[in-house]
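Asks: As a plain string of letters, each chain reads:
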Amino acid sequence: MTQQINPVTDFVSAEVYAQVQQFYAHQMGLLDDREPERWADTFTEDAVFQEASKMEPLHGRAAIRASARGSVDRLVANGVRMRHWLGMIQVHPQADGSLRTRCYALAMRTPQGGDLQVFVSVVCKDHLVPVDGGWLVRDRDLVHDGAGNPTRSAQA
Amino acid sequence: MTQQINPVTDFVSAEVYAQVQQFYAHQMGLLDDREPERWADTFTEDAVFQEASKMEPLHGRAAIRASARGSVDRLVANGVRMRHWLGMIQVHPQADGSLRTRCYALAMRTPQGGDLQVFVSVVCKDHLVPVDGGWLVRDRDLVHDGAGNPTRSAQA
Amino acid sequence: MTQQINPVTDFVSAEVYAQVQQFYAHQMGLLDDREPERWADTFTEDAVFQEASKMEPLHGRAAIRASARGSVDRLVANGVRMRHWLGMIQVHPQADGSLRTRCYALAMRTPQGGDLQVFVSVVCKDHLVPVDGGWLVRDRDLVHDGAGNPTRSAQA
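Protein chains in written order, with full-length UniProt numbering: chain A, 1 to 156; chain B, 1 to 156; chain C, 1 to 156.
Isolated chain A (complex conformation) (with noise of 0.2 Å):
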């Protein structure tokens, strides 16, 4: 995204803006519930999921869903509860009907019998695109706070 926001007036509908909250609240409710494949399938097939600190970039819906077993199945294994939180979303429409999202998110977890850590704060950008009245990630890149390139920039 290159425009120049007016953070003061550029406002997308509240239908549009309470869909994208939704969305998000059940898509990642869906991986802490470790439902790693209903999870996957809110990405498009040729979905890229990118986050940098942390691995290779993942391209396509079947290596998300695998990606994400993996961890759930870790997770399971040592008895630890993840939550991810997403907030502070601005959604900026594109002209296709498309929506580039960016939003902030934490990441916490609490091992069974244990103490909350929220561990990481990071900058979500997502591209959602329109199927069937919903939406469904083609492209998500996940930028964590402190990590990589101090250079690079974490700016919508």
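For the record, the hints were derived by calculation from the structure and aren't laboratory data. Any given hint might turn out to be false.
[To be verified] Every beta carbon over 12 Å from chain B, so not counted as near; a handful from chain C, in silico:
{"no.": "1", "residue": "Ala-18"}
{"no.": "2", "residue": "Glu-37"}
{"no.": "3", "residue": "Val-72"}
{"no.": "4", "residue": "Ile-89"}
{"no.": "5", "residue": "Asp-96"}
{"no.": "6", "residue": "Gln-112"}
{"no.": "7", "residue": "Val-118"}
{"no.": "8", "residue": "Pro-130"}
{"no.": "9", "residue": "Arg-140"}
{"no.": "10", "residue": "Asp-141"}
{"no.": "11", "residue": "Leu-142"}
{"no.": "12", "residue": "Asp-145"}
[Stated by the list, open to error] Partial selection, computed: residues in chain B whose CB lies under 7 Å from chain C:
{"no.": "13", "residue": "Glu-15"}
{"no.": "14", "residue": "Ala-18"}
{"no.": "15", "residue": "Gln-94"}
[As the list claims (entries may be wrong)] Ranges of calculated distance between the beta carbons of each label pair, as one might list FRET restraints:
{"no.": "16", "chain 1": "B", "residue 1": "Lys-54", "chain 2": "C", "residue 2": "Lys-54", "range": "46 to 56 Å"}
{"no.": "17", "chain 1": "B", "residue 1": "Val-131", "chain 2": "C", "residue 2": "Arg-74", "range": "24 to 34 Å"}
{"no.": "18", "chain 1": "A", "residue 1": "Glu-56", "chain 2": "C", "residue 2": "Ala-95", "range": "49 to 59 Å"}
For glycine and all other residues, C-beta sits at the position ideal for the given N, C-alpha and C.
Given chain A, put chains B and C in place with the hints provided.
Replies: Chains B and C in isolation, oriented as in the chain A frame:
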């Protein structure tokens, strides 16, 4: 809730979603502002409040009020400020006009002159019933991450 | 705000609520993106910014800009990434078309190569005035949990 939600298309209207968000902001604000009586008035007379890892279920608004009053009095005596954040809200409309919601909650506290502690992540499942153009909680079920039976599902 | 809010029925429209949410996501994003000049432009020329436990009140956009520029320069020098999360937003429309809002804020920081610290919980009370189809902050009052006079109310 046993129905399977399609996370990419099952959205409630922006009006309903914004009402639920505002309801929670006001409701939890009352508790954090140490107004347990006004907080209890956001539950129905016959409401049930469950927080299995912490106490026996509370039956009825009077029991909810008394429990909240006790909590607030202890916080005041100890000079501790509590904050309850709710987020990642899912809203599932029911055939009778009521709403089943699920959201994440973070409880945090700051002692006078001390440091912030974000100490527990909770999944909150509510049954909200329409009353006088607004909403009241008829059932609240709070499940703490990391507590209780590890096989207990925190799923919606 | 001295009026008593009925938390179960006093809702603003979804359009207004979504605008306020988006305003905050954009506004605080500018500060976290280290754009203090664009951030200052989200305040009115005569805005007052209070953060009693941290500094004397700032009067006017120029003072707000200078203070933000100083903060950003220190963060850059120290290699620290800040994030400001706002949530639990209450919106109280005023007779003159302006909005009084109250929300929770969490400030968090991550040093380059270091760990996330969620270090303070704040109650933010704003007066938002309508300008050119959007909103600007005329007054902001930030009260840090655990700081200052323990009898000072953080209530709306």
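Asks: All hints, please: hold or fail.
Replies: Cross-check of the supplied hints:
C/Ala-18, annotated as away from the interface, has a beta carbon of chain B within 12 Å; the closest lies near 7 Å. With a cut of 12 Å on Cβ distances, C/Glu-37 stays outside the contact zone with chain B, its closest approach being about 30 Å. Listed as outside the interface, C/Val-72 is consistent with that label: its C-beta sits roughly 23 Å from the nearest C-beta of chain B, beyond the 12 Å cut-off. The claim that C/Ile-89 is not at the interface with chain B is violated, since a C-beta of that chain comes within 12 Å of its own (minimum 6 Å).
Non-interface status of C/Asp-96 relative to chain B is upheld: no Cβ of that chain comes within 12 Å, the nearest being about 21 Å off. The claim that C/Gln-112 is not at the interface with chain B holds, since no C-beta of that chain comes within 12 Å of its own (minimum 22 Å). At the 12 Å boundary, the C-beta of C/Val-118 falls inside the reach of chain B, the nearest C-beta of that chain being 6 Å off. Non-interface call for C/Pro-130 relative to chain B: holds, since the shortest CB-CB distance, roughly 19 Å, exceeds 12 Å.
At the 12 Å boundary, the C-beta of C/Arg-140 stays outside the reach of chain B, the nearest C-beta of that chain being 18 Å off. Here C/Asp-141 stays apart from chain B, with its beta-carbon at least about 15 Å from theirs, past the 12 Å limit. Once the 12 Å rule is applied to beta carbons, C/Leu-142 is consistent with being away from chain B; the minimum gap is 14 Å. Interface exclusion of C/Asp-145 from chain B breaks down, the closest Cβ pair being 4 Å apart, not more than 12 Å.
For B/Glu-15, the shortest C-beta to C-beta distance to chain C is roughly 5 Å, which falls under 7 Å, so the interface hint holds. Interface restraint check: B/Ala-18 against chain C, minimum CB-CB distance 4 Å, threshold 7 Å, status holds. Checking B/Gln-94 against chain C: minimum C-beta separation of about 18 Å lies over 7 Å; hint violated. In this structure, B/Lys-54 and C/Lys-54 break the distance hint of 46 to 56 Å, their C-beta atoms being roughly 35 Å apart.
A hinted range of 24 to 34 Å for the beta carbons of B/Val-131 and C/Arg-74 is inconsistent with their spacing of about 50 Å. Distance hint check: the CB atoms of A/Glu-56 and C/Ala-95 are about 57 Å apart, consistent with the given range 49 to 59 Å.
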